[in-house]
Amino acid sequence: MDKRKLEENIFKGIMGVSTLVIIGSLFMILWTIISHGIHSLTWDLVSKSPQGGFYIGKEGGILNAIIGSVYITLGSTLLGLIVSIPIVLYINVYARKKSKLVAITRLAFDVLFGIPSIVYGAFGFTIMVMLGLKTSLLAGIVTVTLLIIPILVRAMDEVIRIIPFELADATYALGATRWETGKVLLKQSIPGILTAVLLSFGRAIGDAACVLFTAGYTDNIPTSLSQPAATLPLAIFFQLSSPIQEVQDRAYGAALILTIIVLIISIGAKYFSKKLSKNKI
Amino acid sequence: MTIASPHISVKNLNVYIGEAHILKNISIDIPDKKITSFIGPSGCGKTTLLKTLNRLLDTSGTDVRIEGKVLVDGEDLYAKGTEVTHIRKKMGLLSQRPFPLPMSIYDNIAYGPKIHGERDKKVLDEIVERYLRATALWDEVKDRLHGPATRLSIGQQQRLCLARGLAIEPEIILGDEPTSALDPVSTQRIEELFLQLKDNYTLVLVTHILRQARRVSDYIAFIYMGEIVEFAPTEELLLNPKEKMTKDYIRGYVS
Chain C
1 MDKRKLEENI
11 FKGIMGVSTL
21 VIIGSLFMIL
31 WTIISHGIHS
41 LTWDLVSKSP
51 QGGFYIGKEG
61 GILNAIIGSV
71 YITLGSTLLG
81 LIVSIPIVLY
91 INVYARKKSK
101 LVAITRLAFD
111 VLFGIPSIVY
121 GAFGFTIMVM
131 LGLKTSLLAG
141 IVTVTLLIIP
151 ILVRAMDEVI
161 RIIPFELADA
171 TYALGATRWE
181 TGKVLLKQSI
191 PGILTAVLLS
201 FGRAIGDAAC
211 VLFTAGYTDN
221 IPTSLSQPAA
231 TLPLAIFFQL
241 SSPIQEVQDR
251 AYGAALILTI
261 IVLIISIGAK
271 YFSKKLSKNK
281 I
Chain H
1001 MTIASPHISV
1011 KNLNVYIGEA
1021 HILKNISIDI
1031 PDKKITSFIG
1041 PSGCGKTTLL
1051 KTLNRLLDTS
1061 GTDVRIEGKV
1071 LVDGEDLYAK
1081 GTEVTHIRKK
1091 MGLLSQRPFP
1101 LPMSIYDNIA
1111 YGPKIHGERD
1121 KKVLDEIVER
1131 YLRATALWDE
1141 VKDRLHGPAT
1151 RLSIGQQQRL
1161 CLARGLAIEP
1171 EIILGDEPTS
1181 ALDPVSTQRI
1191 EELFLQLKDN
1201 YTLVLVTHIL
1211 RQARRVSDYI
1221 AFIYMGEIVE
1231 FAPTEELLLN
1241 PKEKMTKDYI
1251 RGYVS
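Order-wise, the sequence lines are chains C and H.
The first sequence begins at 1 in this note's numbering and counts up by one.
The second sequence begins at 1001 in this note's numbering and counts up by one.
Hints were generated in silico from the structure; no laboratory data involved.
Just so you know, not all the hints are guaranteed correct.
To be verified - Below, computed lysine-lysine pairings styled on PhoX-like, alpha-carbon distance capped at 20 Å:
| id | chain 1 | residue 1 | chain 2 | residue 2 |
| --- | --- | --- | --- | --- |
| 1 | H | Lys1114 | H | Lys1090 |
| 2 | C | Lys187 | H | Lys1090 |
| 3 | H | Lys1034 | H | Lys1244 |
| 4 | H | Lys1034 | H | Lys1090 |
| 5 | H | Lys1114 | C | Lys183 |
| 6 | H | Lys1090 | H | Lys1122 |
Between the sequences and the hints, there should be enough to build the whole structure, so can you do that?
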């Protein structure tokens, strides 16, 4: 075999092995949580809040954590979008392209992107102490929003930057205002934006450090923004640290539920993104 | 050359992008309901000049400085307080490559009238049909009006962009090398459309194809290094150029 062919085969091999390792890990993760969690994944687990002896392995479920996680994730994704869409439109449509403000904004989001979530949690906690607030759903939502805004802004910024500027010119040339042009560009980038939302949704629902000090933990389902809320990552964390086998298995059940939620959202987003992108250039 | 009652009148226009002096003291009167072509080598400023005519140059966010006047129907585009959207509504633009809006074929045409306040579905239907017919697209797309515009061929897309521009009922059509991405057949169709349109519209085209300028335009301006070297009726400029530079440029193309 000549040298070029050998080289190609070696790299083919490396590529194959790397890909297999990644796919293999995914299946191993799935296998671990399924094999440990499937027995505790009962109707009770998803339909009941913890009852009296729940933490020693008796009756009850983690409905409190499921509902809490859904509230926090939906709330923060929505709030995050409300804040980040105007930022992205400003730096891409309104502001001058090479202005200092835009450069500083992008740098700021790069820095924020790299800050670990526990720091956001600690920051949220400090603010709460300053304001004299207790752990609450609202505090959890706001803190998780802070965590995902950099993800949303960066991802959407990338999406909008690759829009051809001629599309903006074409829209302007029809007599559109900047706002109307912004809306057309937004339409063009909706599939990308959905991906950004999905990314931040996954991050928000899976993050434990942000909600630990801010949303707290409770066996009750919150009925107002000022009550504390349980979350799935913390439900996993607390149950996994228990010495009781039953409770540990429930942690895997909770992990399984978390994974299923993320999977449903991913597949749904893929589907809608495909539907919406049919008009894309 | 003096033009009686010009549609667009550019007076002492200077454009700087950053430090570079792109357009140097341009003055030109663009005649009403005629086709005027800007020709010249790449980078001579012809596209920049076209973009200043509907103020697309100062949207791009780059460091642009514009001095001088551009009068459209006597109204100065660059005067303070001039409403940009109102000016752009008077002009349709065709760019080098077609950029359909991310919508259906129908909505691409209806978009302009809609943002300018037309809400009546019946009127919009009529507008869409009228301008798709005007651009000879109707028969090709009437069965898939609500399908994505991006499925059309490039030539069809360019005609769609022309129809979209016409739907805002402009008086002027600007074309920035509008056939450069098209095959010969599509190019011919666009050129035929231009010749029909000049009965009702003033057309300004940028082209680097001398033969195209010759085929379609009534007047040609030869631009070189940011200056208008010569501006004359087509035959006169091509057959009997007064400036040596024009002569050299045309010869370079012909021989």
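Here's how the hints hold up against the structure:
For the proposed pair H:Lys1114 and H:Lys1090, the alpha carbon gap of about 15 Å is at most 20 Å, so the pair holds. Note on C:Lys187 and H:Lys1090: the hinted pairing is violated, with a Cα-Cα distance of about 25 Å set against a maximum of 20 Å. Restraint check for H:Lys1034 and H:Lys1244: the C-alpha separation of about 26 Å exceeds 20 Å, so the hint is violated. At roughly 16 Å between alpha-carbon atoms, H:Lys1034 and H:Lys1090 fall within 20 Å of each other, so this suggested pair holds.
Of the pairs offered as hints, the one joining H:Lys1114 and C:Lys183 holds, with about 14 Å between alpha carbons and a cut-off of 20 Å not exceeded. Annotation: proposed proximity of H:Lys1090 to H:Lys1122 is violated, straight-line Cα distance about 23 Å (limit 20 Å).
Hint compliance for this structure: hints 2, 3 and 6 are not met, and every other hint is.
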